[in-house]
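**Q** Assemble the whole structure, with the sequences as input and the hints as a guide.
All residue numbers for the sequence shown refer to this note's numbering, where the first residue is 748 and numbers rise by one.
It is worth saying that the hints were derived from the structure and are not from the lab.
Check before you lean on any hint, since a few could be wrong.
Stated by the list, open to error - Now the in silico label distances, taken between C-beta atoms and shown as ranges: (1) Thr822 - Phe982: 34 to 40 Å; (2) Asp764 - Asp806: 47 to 53 Å; (3) Arg766 - Arg996: 47 to 53 Å; (4) Ile878 - Arg766: 19 to 25 Å.
All C-beta atoms, glycine included, are put in the ideal place defined by N, C-alpha and C.
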Amino acid sequence: MTHFTAAQGFMGPFSHDGRASIAPNPPWHYAADFITIECWAEPSAVEALLPPGLSLHPDERGLMTVSFVDWQACTNTGGELLDPIRAQYRECIVLVSVQHEGKLMQYCPYIVVDQDTSLARGWALGYPKKIGSVWITRSMGVPSIASPRLEPGATFAGTVAVKDRRLAEGHVKLSGPADTSAVTFGSRPIVALRHFPSMFEGQHDQPAVYELVRLQGENVQASPVWKGDAALTIFDSPTEPLAALRPTRIGRGWRYSLAMTNRNNYLLRDLRSLAQPGSSEEK
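**A** Here it is as structure tokens:
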């Protein structure tokens, strides 16, 4: 009998050559355009979404960013770029300011993506991705009313929907280059929760994987960042928790591009002992 190995697929479905896998083996290389909006939500609503080991930072209670992102990704061979549907996807990422052992970080409680490959990669990394619809304004590199350039007065927008319901829409109207205080993706450590449930009888509340991890970006490159006035609206939904993070205040907005590689995570804490009967989950 032939047994599957990691070489035959990073994630299922598995095959003799591994090509059937929903996500290829890392490393994964990314490039993206970001529209990021800074805002504040009710601190208690943010705190309710945090796993054990994380708490709100006293200087940034309720602070978060919502980013609409146009991604392109590939493996070492770059072969996905020859079949672009395998390489391209869009995403809406929510990151909230937290602290872990006194250190300022960001945590991702909610994220929507429009491709299953990215969904699977995200679950492996610890991003709680859901499938939805995300659209953003693109710049095509030529001057046109249909292609805003990075210049004062240009407006870049994003929208996100899940199960046919629009969850949020936002935009940034550029005013000029940003300073170094811009909170861009990866400018602070990002922490995530890797969780995979058990399906054994009586163990549904005892996950097989329950880890607090720090995401490890490599070879990070960023374009100049443009700042601007921002707007963000989050709509009600019968099922999505994003509505609980409706902003009480809107801050700055940014538009920038980023490239990086993901290969490994760094384990901050194994949380499985906290899910055992009789344990308490102290934050």
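**Q** For every hint, state whether the structure bears it out.
**A** Against the structure, the hints:
Under the hint 34 to 40 Å, the C-beta atoms of Thr822 and Phe982, about 37 Å apart, fit the expected range. For the pair Asp764 and Asp806, the supplied restraint of 47 to 53 Å holds, since their beta-carbon distance comes to about 51 Å. The given range of 47 to 53 Å is respected by Arg766 and Arg996, whose C-beta atoms sit roughly 48 Å from each other. In this structure the hint that Ile878 and Arg766 lie 19 to 25 Å apart at CB holds, the actual value being about 22 Å.
Taken one by one, the earlier hints all hold for this structure without exception.
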